[in-house]
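Novice: Starting from the given sequences, assemble the full structure and let the hints guide the process.
Anchor point for the sequence shown: position 81 equals 80 in numbering that gives the first Met the number 0, and the numbering is continuous, going up by one each time.
Keep in mind that the hints are not guaranteed to be accurate.
Unchecked claim - SDA-like mimics (lysine to any residue), calculated; alpha carbons at most 20 Å apart, straight line: (1) LYS45 <-> LEU17; (2) LYS36 <-> LEU51; (3) LYS159 <-> MET169; (4) LYS159 <-> THR13; (5) LYS48 <-> GLY90; (6) LYS29 <-> LEU185; (7) LYS131 <-> SER180; (8) LYS29 <-> LEU17; (9) LYS159 <-> LEU133; (10) LYS159 <-> LEU51; (11) LYS159 <-> ALA126; (12) LYS48 <-> ARG76; (13) LYS36 <-> PRO60.
If you are wondering where the hints come from, they were derived from the structure by calculation, not from laboratory data.
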Amino acid sequence: MSDIIAVTNRQLCTRPFLEQMERVCLSRPKAVILREKDLPEDQYEKLAKEVLAICRARQVPCILHTYPEAARHLGCRAIHLPLPLLREYAGRLDGFPVIGTSVHSVEDALEAQGLGATYMTAGHIYATDCKKGLPPRGTEFLRQVCGQVHIPVYAIGGIKPDKRQIHEVMACGAAGGCVMSGMMTL
0 MSDIIAVTNR QLCTRPFLEQ MERVCLSRPK AVILREKDLP EDQYEKLAKE
50 VLAICRARQV PCILHTYPEA ARHLGCRAIH LPLPLLREYA GRLDGFPVIG
100 TSVHSVEDAL EAQGLGATYM TAGHIYATDC KKGLPPRGTE FLRQVCGQVH
150 IPVYAIGGIK PDKRQIHEVM ACGAAGGCVM SGMMTL
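Specialist: Structure below.
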């Protein structure tokens, strides 16, 4: 599954979260983004320490989300920041060779690249329960984003861990896809 990034959401798990993370890592995704953005920083850091240990043991890269200082404390050199936070931290992310962000327009993508993002997620591509009632942006949107930037773009939103959708988004120029629900219910 080297073209799939697993994105966490412990609320979707049907088993204990750390047990689910073991299962996710056994599926060998390209990386895991620990997205638990509802947690305050101290609780996030505590959870991240446990998830990083699981990921390291299984040799799966882990990208922390939202809290650069927590990532620094834990020795994690990969961070994913929503675009408003990337703007806020621009120029202060030394020590992070991997900097990701989420984009929802070509303009966002160009801005993110200019702010130093090394990869981005673009979406939402397909209909998803996470964005109920909001129409998906579709593969043409993804194609436009991929055509405007020179850093890897990963499709997100309604992506299933099956090869058909992954091939479809990669045909648009994406480096792969991000899967949340399918990974949290493996």
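Novice: Each hint should be assessed against the structure and marked as holding or not.
Specialist: Each hint tested on the structure:
no.: 1; hint: LYS45 <-> LEU17; result: 12 Å, holds
no.: 2; hint: LYS36 <-> LEU51; result: 16 Å, holds
no.: 3; hint: LYS159 <-> MET169; result: 14 Å, holds
no.: 4; hint: LYS159 <-> THR13; result: 18 Å, holds
no.: 5; hint: LYS48 <-> GLY90; result: 26 Å, violated
no.: 6; hint: LYS29 <-> LEU185; result: 16 Å, holds
no.: 7; hint: LYS131 <-> SER180; result: 14 Å, holds
no.: 8; hint: LYS29 <-> LEU17; result: 18 Å, holds
no.: 9; hint: LYS159 <-> LEU133; result: 18 Å, holds
no.: 10; hint: LYS159 <-> LEU51; result: 24 Å, violated
no.: 11; hint: LYS159 <-> ALA126; result: 11 Å, holds
no.: 12; hint: LYS48 <-> ARG76; result: 13 Å, holds
no.: 13; hint: LYS36 <-> PRO60; result: 19 Å, holds
The structure shown violates the earlier hints numbered 5 and 10.
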